[in-house]
Each structure stands twice: as C-alpha cells, then as structure tokens.
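**Q** Below, each chain spelled out in residue letters.
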Amino acid sequence: MRMKKALSYISLVAILPLLTWLVHERERPGSTIAGPYDLSSINTPGDVQGSITINWFRIPGDQPTGATATAYRLLRSTSKDGQFTEIASIDFGQPGPSQQSRQFRDTTAVLANAYFYKVISEPEGTPLESNIAGPVTSVAQSSEAGATAMLDEILFPPTQLRAFDTPNDDGRSITLEWKISPNDVPKSGQFNGYEIYRRTTSDGPFEMVGDATGGETDLERHVKIFGDGHGVKNGVAYYYYVEAKFNGQRAKSNVAGPVKAREQWFHTGRAVSLVLLGILIASILYFINQAKAGKKLFIRKIAGLEAVDEAVGRATEMGKKVFYIPGTQDMDNVQTIAGLTILARVARLTAEYETKLEVPVAKSLVMITAREVVKEAYLNVGRSDFYSDDMVYYLTDDQFGYAAGIDGLVVRQKPATIFYQGAFYAESLILAETGNSIGAIQIAGTAMPAQLPFFVAACDYTLIGEELFAASAYLSREPKLLGSLKGQDIGGKLVFLSLAIVIIIIVTVAAFSSPDMISQVTKMFEVH
Amino acid sequence: MQRLFQILLAIDRRIIFLVIFLALSVPIFLHLKIDIDVTREVQIFYDAIEALPTGSRVLVSCDYDPGSEPELQPMAETGFRQMIKDHIKFAIMGLWPQGPMQANKALAKINEVREGFIVENGDTLAFGRDLIVVGPDTIRYGRDFINLGFQAGNELVIQRMGSSVAAAFPNDARYGRPIETYPIMNGLNKLSDFDFIYNLSAGYPGTVEWVQFAVDRFHVPCGAGNTAVQAPQVYPYLDTGQLTGLMGGMKGGAEYEKLTGFKAKATMAMVSQTAAHIFVVLFIVIGNLAYFMTRGKGQRKGLS
Amino acid sequence: MKREIPLMLTAIIGLTFFVQFFVPHRPMGFLTDMFSDWFSIIAAAAIWLGALNLLRVSLEKIYKKDRDWFFAAVTIASFLLIVIIGFFFSSGRSFQEPGTKFDWLYINIYTPLMATMFALLAFFVASASYRAFRARNAQATVLLLAAFVVMLGRTPFGDWLSSLVFLPKGWGISNLSNIVMNYFNVAGQRAIMIGIALGTVSTSLRIILGIERTYLGGD
Chain Z
1 MRMKKALSYI SLVAILPLLT WLVHERERPG STIAGPYDLS SINTPGDVQG
51 SITINWFRIP GDQPTGATAT AYRLLRSTSK DGQFTEIASI DFGQPGPSQQ
101 SRQFRDTTAV LANAYFYKVI SEPEGTPLES NIAGPVTSVA QSSEAGATAM
151 LDEILFPPTQ LRAFDTPNDD GRSITLEWKI SPNDVPKSGQ FNGYEIYRRT
201 TSDGPFEMVG DATGGETDLE RHVKIFGDGH GVKNGVAYYY YVEAKFNGQR
251 AKSNVAGPVK AREQWFHTGR AVSLVLLGIL IASILYFINQ AKAGKKLFIR
301 KIAGLEAVDE AVGRATEMGK KVFYIPGTQD MDNVQTIAGL TILARVARLT
351 AEYETKLEVP VAKSLVMITA REVVKEAYLN VGRSDFYSDD MVYYLTDDQF
401 GYAAGIDGLV VRQKPATIFY QGAFYAESLI LAETGNSIGA IQIAGTAMPA
451 QLPFFVAACD YTLIGEELFA ASAYLSREPK LLGSLKGQDI GGKLVFLSLA
501 IVIIIIVTVA AFSSPDMISQ VTKMFEVH
Chain S
1 MQRLFQILLA IDRRIIFLVI FLALSVPIFL HLKIDIDVTR EVQIFYDAIE
51 ALPTGSRVLV SCDYDPGSEP ELQPMAETGF RQMIKDHIKF AIMGLWPQGP
101 MQANKALAKI NEVREGFIVE NGDTLAFGRD LIVVGPDTIR YGRDFINLGF
151 QAGNELVIQR MGSSVAAAFP NDARYGRPIE TYPIMNGLNK LSDFDFIYNL
201 SAGYPGTVEW VQFAVDRFHV PCGAGNTAVQ APQVYPYLDT GQLTGLMGGM
251 KGGAEYEKLT GFKAKATMAM VSQTAAHIFV VLFIVIGNLA YFMTRGKGQR
301 KGLS
Chain G
1 MKREIPLMLT AIIGLTFFVQ FFVPHRPMGF LTDMFSDWFS IIAAAAIWLG
51 ALNLLRVSLE KIYKKDRDWF FAAVTIASFL LIVIIGFFFS SGRSFQEPGT
101 KFDWLYINIY TPLMATMFAL LAFFVASASY RAFRARNAQA TVLLLAAFVV
151 MLGRTPFGDW LSSLVFLPKG WGISNLSNIV MNYFNVAGQR AIMIGIALGT
201 VSTSLRIILG IERTYLGGD
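Chains as they are written, first to last, in my numbering: chain Z, 1 to 528; chain S, 1 to 304; chain G, 1 to 219.
Think of the hints as simulated: they come from the structure by calculation, not from any bench. Incorrect hints may appear among the rest.
[Said to hold, decoys possible] Subject to a maximum C-alpha distance of 16 angstroms in a straight line, what follows is the list of computed EDC-like cross-link-like pairs (lysine to aspartate or glutamate):
hint, chain 1, residue 1, chain 2, residue 2
1, Z, K320, Z, D332
2, Z, K414, G, D68
3, G, K61, Z, D389
4, G, K2, Z, E372
5, G, K64, Z, D390
6, G, K2, Z, E376
[To be verified] From chain S, some residues computed to sit far from chain G (all C-beta separations above 12 angstroms):
hint, residue
7, L24
8, H87
9, T138
10, T181
11, L282
This one's a predicted model, so the numbers in the text were calculated from it and none came from an experiment. Where is the CB? At the ideal position from N, CA and C, for every residue including glycine.
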C-alpha cells in the first residue's frame with residue numbers, strides 16, 4: 001500500500017512537469033517582413049487626360065517617423081509575363097493621404113493601352129515583390145462636375161461581388177460577399193461604408209436595399225458579408241451591385257446575378273450532428289429494447305444516491321426537517337426536471353417516515369410541477385393526509401434574494417438534511433456553506449461545471465453532471481430507464497471517444513505533414 | 001504546539017471571515033496601487049473594438065444583476081468609454097431584467113455633465129439622459145446609442161433577433177417609441193447587421209447562449225466579460241475562435257482599464273483581491289500544516 | 001386523459017424543435033417561434049401564481065403568529081413597496097429610467113443588498129477552502145497545488161513571487177496559471193460538458209418519448 005502511494009506521488013512529480021513542458025507555449029521566432037501587398041489598379045475617375053491609379057498597402061517601416069532609408073519601386077509592363085520597367089519610386093516616410101496605404105497616378109500611360117503593374121521594395125536588402133495588378137487600360141474620362149480636380153486619394157471599388165441564395169434557411173434571403181475596397185481600412189474617418197443596390201430585371205432600375213459599415217466580416221477569406229432579407233421573395237431573380245462611399249467619392253462593384261432565394265429542406269451544416277445524434281439515439285433505443293427483453297444491465301454505485309435513504313432517515317431520527325432545493329432555473333431546463341425526479345423519491349421517503357419536507361422554489365412553474373410530484377408521491381404511499389400544498393412554496397425569482405431566503409430558513413429552522421438537485425449559479429456556495437455551518441447532511445447534484453467544485457467542497461455527497469441525469473434510472477431501477485442509461489454510455493461515450501482518438505491521430509500526423517488538413521478536418525466537424 | 005494545531009484545525013469560521021474582511025478593506029483605505037500585466041484574451045477584445053471602423057454598431061448585452069456589479073460594471077463603464085472615444089454606436093439590451101438598468105448606471109457614472117439641457121430642432125435634450133458627455137465627445141440618445149431594454153425568453157430572444165430586431169424589441173425602453181423611428185436603427189434590421197456583440201454575463205442566459213445562437217448561427221463576432229466563476233466555462237469558446245476576446249473577473253476588468261488608459265474601480269480593487277488571495281493561500285497552508293501535525297499524533301496515539 | 005394529453009403535447013412540441021434544427025423549410029421556423037412565444041407567455045403569466053402564493057403564505061404566517069412571522073411581514077412590506085412605487089410613482093412606462101423613484105430604490109436598496117449577498121462568496125470561499133483543501137491523498141494534493149498556482153497567478157503578487165525565484169521567462173506563476181486554466185481546466189470542463197450533453201440528450205429523449213414521466217407526478 002505504501003509502495004503504491006509512493007509510486008503515485010513519484011509519478012505525479014515526474015509526469016506533471018513533463019505534461020506542463022509539452023503544453024508550454026514556446027516563444028516563436030520573429031516573423032519575416034511581408035512585402036507590399038494587395039496591389040490594385042483602376043482608371044483614374046474624372047481624369048479627362050486619362051491616367052491609371054494604383055493602390056497598395058504600406059509595409060512595416062514605411063511610417064512618417066522611424067522610416068528606414070528605403071523606397072518603393074513602381075514597375076510597369078504591357079504583358080503579365082513580359083519585361084517590367086521602372087516608372088517611378090516613392091521613398092518610405094514620404095507623406096501620403098492614408099496611413100495604411102499608398103497610391104500612385106501613372107500619367108505616362110498611353111491611352112487605349114493595357115498595362116500591368118507591380119511594386120518592389122527592399123527594406124533589408126532582399127527584394128520583396130507585390131502581386132501583379134492589371135490589365136487596366138488608360139481611358140480619357142468624361143469631365144464630371146466636381147470630379148476633375150486631382151484628388152488626394154482615389155476611391156477604389158469593392159470587387160469580386162458574389163450573390164447567392166443564403167444556405168440552410170427557409171428562403172427569403174440572399175447573401176452577398178465582396179472583397180472590400182482598399183480604402184476601407186480600420187479607423188478611416190473618411191470611409192463611409194457601402195450601399196447595396198438591387199433590381200429584379202436584367203435592365204430595370206436599381207433601388208437601394210441596405211447599407212453596411214466598412215471592414216471585413218470574414219477575416220480568413222477577406223470578404224465582407226451582407227444578408228439581404230429586405231422584401232426578398234422566393235423564386236424571383238435578383239441582380240445586385242455594391243457601392244463604396246469615401247470622402248465624397250463613390251465607386252461601384254461588378255453586378256452579380258441573377259440569383260434566386262430558395263428554401264432548403266435540410267441544413268447541410270448540421271449533417272455531422274445528425275449522424276452522431278443518430279448513433280446516440282439508436283444506441284439508446286437499442287438498449288431500452290434489450291432491457292425490456294429482460295437483459296440485466298449493470299450500473300455502478302453512485303454514492304450520493306445511495307445516501308438518500310440514510311439522509312432522510314437521519315432527519316427522521318433527529319425530528320428535524322428535510323429541505324429540498326430543486327435549483328434556481330425554470331422547467332425548460334433539463335436539470336430541473338432531473339431534480340424533480342429525485343424529489344419524487346425523497347418525497348416518497350418522507351411520506352413513509354412521516355418526516356417534514358419543505359421545498360422552497362424560485363420559479364412559479366417549478367412550484368406547480370413540484371407540488372404535483374410531491375402530492376403524487378404521498379398519494380402512492382397512502383399518506384395523502386400528511387401532504388399539504390404549503391410544503392412547496394415560492395420565494396422569489398431573484399437569484400440572491402432566493403439564496404438569502406433559503407439561508408434565513410436554514411439558519412432559523414436548522415434542517416437535518418438538505419438536498420440541492422438542479423441547476424445552480426453563484427448562490428451554490430452561499431447555500432452549501434450555510435447548510436454546512438448548521439451541521440446538516442447535504443447531498444448536491446448539478447450539471448453546472450462551474451458550481452461543482454463548490455458543492456464538492458461544502459457538501460457530503462455530490463452528483464456530478466450526468467450522475468444527476470442517471471438518478472431517475474438509478475433510483476427506480478426501471479428497465480427502460482436503465483437501458484437508456486446504458487445506451488447513452490455505449491453509444492455516446494464509446495463512439496465519441498473513438499472518434500476523438502481517430503481525429504487526434506489525423507491531426508497529429510497532419511501537423512507534421514500537411515497543416516492545411518487540420519483546418520479541413522476542423523471544418524468537417526463544424527456545426528452551423 | 002499540538003494544542004495550537006488542534007485549535008487551528010477547529011478554528012471558528014468567524015475568525016476566517018474577520019481576517020478576510022480586513023484583507024479586503026484595509027488596502028482600499030490605504031489607497032494602495034498595484035501593476036497589472038495584460039493577458040492575451042483581454043488584448044484580443046480591446047484590439048477587436050479598436051479595429052471597428054468609425055460608425056460601427058455594437059450590440060451591448062448586459063446580462064447581469066447588481067450581485068455581479070463589482071466585477072462587470074467596470075467592464076461596462078470602460079467599454080462605453082472606448083466605444084464613445086472611437087465614435088462607435090451602440091444598442092443596449094439585456095436578457096436579465098436588471099441588465100439595462102446596470103447599463104444606464106454605467107453611462108451615468110462616466111457622464112461628465114449631469115445637469116442642463118439644450119434644444120435642437122425643437123427637441124429638448126437633457127444632459128445625463130439624452131446626452132452623455134465623455135471627454136471631448138458627446139453622444140446622443142437615438143442617434144449614437146439606444147436602450148432596447150429587457151426581453152424575457154432567454155436564448156429565444158437571440159433567435160428572434162436573428163430574423164428581426166424589431167420583433168424582439170418593438171419599442172425602446174426609455175421612451176417607448178418604435179425603434180425604427182430612431183436614426184441609429186437605420187439598417188439594423190437583424191442581428192447580423194450589427195458589427196460586434198459585447199456581452200457582459202454573470203450566468204444564464206449569457207455568453208454561452210450568445211456564442212451558440214449569435215456567433216454560430218448568424219456569424220456576428222462577439223467579445224465577452226464574465227465573472228471569474230463563469231470565465232473557465234467560456235474559455236473553450238475563446239480557443240476555438242468563437243469568442244473574440246474574454247475578460248474574466250475583476251482582473252480582466254483591471255486589464256481592460258489599463259489598456260484604455262483609464263484606471264478606475266477594477267484597478268483599485270485588485271489590491272484587495274490580491275490580499276484576499278494571499279490570505280486564502282495562507283489559510284490553506286496553515287490548515288494543511290495543522291492537519292499533518294495532528295494526523296501523525298493521532299496515529300501514534302492509536303498505536304500506543 | 002389527464003396523463004395522455006400532456007405526454008402527447010410534450011412529444012409533438014419536442015419533436016418539432018428537434019426536426020426544426022435540421023429542417024429549415026417552412027413551417028418549422030414558424031412553429032418553433034410560435035411555441036417559444038407560448039412558453040414565454042406562460043412563464044410570464046405564471047409569475048403571478050408564485051407572487052400570490054408568496055403573499056398568501058406570508059399573510060398566513062402573520063395571521064397565525066407563527067415562529068419568525070416578523071420576516072413574513074418584511075417580505076410583504078418590501079413586495080408592496082416595490083410594486084406600488086413601480087406602478088404609481090415612477091412615470092409610467094419608463095419606471096426603470098434614471099431619476100425615477102423606482103430607480104432610487106434600485107440603486108440605494110436593491111443593488112447594495114445584492115452586492116452584499118454576492119460578497120458573502122468571498123468569505124465562504126475562504127472558509128470552504130480552509131476546510132476542504134487538505135492533502136489527504138495524491139489527487140487532493142494535485143488539486144491543492146493547482147489551486148495555489150491559479151490563485152496566486154491571477155494576481156500581480158504571483159508575478160512578483162516568480163521574479164523572486166528567478167524563473168525563466170514564460171515560466172512565471174501567471175504563465176503556469178494560464179496553462180492550468182487554458183489546458184487542464186479546459187480539458188476537464190470539456191469532459192464534464194460532453195458527459196452533461198450526453199445526459200441531456202438521453203433525458204430529453206426519454207421525456208419526448210414519454211418514458212420519463214416523473215415530472216407529471218408519480219412514476
């Protein structure tokens with residue numbers, strides 16, 4: 001025995017640090033500087049001479065203060081794979097209209113010629129290249145009122161607008177996704193968001209159906225998402241475009257459509273849920289049938305439930321009351337129902353032993369249900385004369401008002417036994433410690449993980465999580481209930497455990513060979 | 001010595017209460033200060049609010065009552081400060097009845113002009129009620145913020161808001177007018193029209209429900225402030241990215257205050273909390289010492 | 001029929017919610033919204049049952065001069081005070097708004113009382129920890145050490161202590177506290193949550209199928 005104890009201490013001392021080292025967050029090496037990014041190009045709006053404006057995001061180091069002695073080199077070509085020639089250079093630290101991005105206007109582009117552009121910088125001697133933007137053709141723009149002045153910063157339009165039927169819904173909704181305008185940067189005081197326009201025919205007028213603030217919605221895919229549910233009818237074709245607003249300028253995206261809204265019969269994002277739930281339910285039903293057929297099903301001892309009889313007996317011997325607290329939540333909480341199941345058993349015992357029972361509750365519906373449960377229990381034992389409606393009474397819905405009320409009752413009436421069975425929150429320790437201070441025997445049961453430690457510390461017995469749900473099967477020993485318990489264990493735990501082990505192996509292998517697989521595996525099991 | 005340990009084992013709990021009371025109260029009276037390191041999860045939340053563009057609309061769900069005020073109220077006050085400074089609009093609501101009142105209390109606390117009124121376009125706007133002044137910024141009820149009030153129904157309210165905010169909150173809590181009449185609600189028809197959800201939660205319904213019903217179903221990013229007891233339950237959602245930032249307990253509030261540069265109640269209370277933690281640890285050490293010293297003696301007695 | 005109708009209603013409504021989770025097509029969404037609204041209405045209406053019961057029980061205690069009838073009197077007085085102030089003296093619909101008498105009661109009586117009750121936890125945690133955290137066996141010792149690390153790591157004192165012991169960067173008590181909370185705690189919480197979820201599914205299935213009937217009264 002001593003050897004076993006010594007070994008367990010040694011293994012703790014050895015294993016815990018090892019585990020800690022394994023999960024310890026190591027300092028990652030410094031990241032490399034990223035090159036200039038998201039280069040895009042458009043015809044300069046309102047320029048009657050014709051020019052092309054390009055926009056890219058600044059790289060770290062290109063700030064008004066602390067700038068390094070480096071520059072951006074702007075290159076141009078007439079074909080994507082052709083020779084790029086340098087047309088300009090912009091020094092880091094050179095002032096610009098935006099803190100996040102830079103723009104350059106190429107006035108030397110020949111009208112009606114298509115061009116490609118790229119930007120290169122060498123902050124630490126190594127050349128870093130942007131993506132290639134283009135083709136864009138320089139075209140003389142018509143002179144629009146107020147639009148001919150050379151503006152400090154040109155608005156680039158949102159691009160790649162996609163419109164599609166919102167998946168997995170009951171119709172009447174269309175989802176739009178687009179790549180945000182390069183001018184749409186965080187904390188931009190001048191960017192005024194987007195307006196969404198829609199029409200129902202391919203050549204009819206567009207009307208505005210909504211607006212959206214700037215910023216990406218999906219940071220992984222770098223898109224803004226907007227759901228149009230404004231008067232959308234199923235089966236009607238719609239066309240959309242999105243217009244960005246910036247400093248008095250407006251820029252339209254491409255037109256997306258036709259797209260029709262439809263209702264879906266099945267939520268594909270929950271298919272995995274359905275499969276796993278199906279396995280669980282099939283397992284439960286199978287073992288219920290097995291139990292009904294007479295097969296003996298083993299259930300381990302649960303100390304808290306074994307102690308119920310003893311606890312009520314103690315109260316009887318001492319001539320004191322039994323308090324039963326069925327949680328602080330309403331009848332829509334499954335823990336409350338589980339708590340009332342145990343109340344039926346406790347009420348049966350108090351009826352048999354003629355012990356006083358009090359059930360103060362925090363919800364009116366629980367009061368009504370608990371009364372039925374207790375009355376029925378007393379009736380079944382033939383002690384309906386001993387029952388009174390006042391055994392179950394309402395205190396208050398308020399969490400701490402309820403706790404204060406229970407504490408007062410416990411301190412004044414000093415019950416010998418207190419049951420806490422149901423859903424509890426912060427009041428759990430207040431109740432349990434007060435009960436402990438008067439020397440009552442306390443049996444708790446809850447499926448609130450945060451409250452379990454408090455009950456374990458302050459109560460004599462605690463039903464942890466699913467033991468609370470197993471109580472009805474355990475106390476009644478009814479075959480169907482025992483069967484469902486077995487099914488839940490086999491179908492649930494065994495299957496999920498196997499699945500977890502398989503996924504852990506896949507993900508561990510993927511971490512070394514193909515990190516992308518990890519996100520694919522994760523996405524497989526996402527429930528939407 | 002043995003006698004001392006036996007006394008310690010059976011010490012009256014009122015002595016423990018007295019020591020804790022002194023540990024909590026003395027630092028407050030002495031105005032002691034303590035430096036705090038900011039944790040990753042609070043930084044994520046702060047950065048998420050900072051990254052919101054000007055004019056963004058945030059849904060602030062106050063799901064707590066006065067019992068959790070010491071932990072969550074500083075987070076509410078600091079959150080409102082940050083959003084007002086960044087010109088972010090917000091709509092207040094509550095899944096707990098006292099939540100919206102707590103939000104009013106937080107706004108009243110940070111407001112710097114409590115009396116007086118102005119008349120604008122025929123409307124009389126009272127400071128402290130319709131106008132909240134924080135530093136150089138003034139926000140106006142109906143245009144920059146709104147209080148939708150409390151709605152019974154727990155997570156079903158969130159579900160309802162998913163298709164229509166007006167269906168869940170037809171009128172505002174302050175004046176009882178249809179919410180569509182307020183400029184702030186232009187374009188805010190459903191939950192996914194909000195740019196961010198800021199949830200302050202002390203239990204059920206709370207952060208878990210917001211993650212399950214708002215984030216997972218309607219893809220609205222959500223950051224939360226929780227009581228210290230509830231925070232461990234919510235950590236799994238932070239790791240999976242379903243929560244954008246988490247402030248746990250008074251320390252989370254103090255870290256948030258440090259990030260915003262306005263140190264207030266949570267920072268002050270950290271000294272008391274630290275002292276209390278130290279004493280609890282000391283009690284545990286003393287209790288174990290007494291346990292081991294008396295246990296050995298008991299065994300020897302048994303043998304003899 | 002007293003038993004059959006509730007069982008049938010439970011089955012129909014339970015199945016509707018279950019099916020709606022997987023089938024978005026009309027009329028599932030409409031049905032679940034409707035049932036949810038019904039529950040909200042019933043729960044809101046039922047509050048009166050509880051309130052009236054509270055009044056009746058308290059009045060009976062006062063009338064019979066039962067032991068502790070004084071507390072029943074305080075209950076009734078508080079109840080009536082809040083109701084009367086809220087309904088008649090606080091400017092109609094906006095009774096919760098700043099400046100009303102109801103708001104005054106909320107800030108000056110209700111809030112301090114709630115905060116007091118919540119504050120009791122600080123003292124009870126200390127007394128419960130003193131009593132319960134004993135290194136009786138290996139598991140209890142691990143629990144004890146984890147409690148030390150987390151409690152100290154959650155305060156700046158832990159960082160100060162780490163600096164005294166010259167632990168390497170990233171191995172301070174607050175880092176260890178984060179490791180315990182982010183890994184061990186999350187693993188444990190997830191395990192308990194999975195068990196609870198399985199128990200919830202099983203119990204809900206039993207209720208929907210009518211196998212579990214205790215909540216209706218009797219076996």
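**Q** Which earlier hints can't be squared with this structure?
**A** 1, 7 and 11
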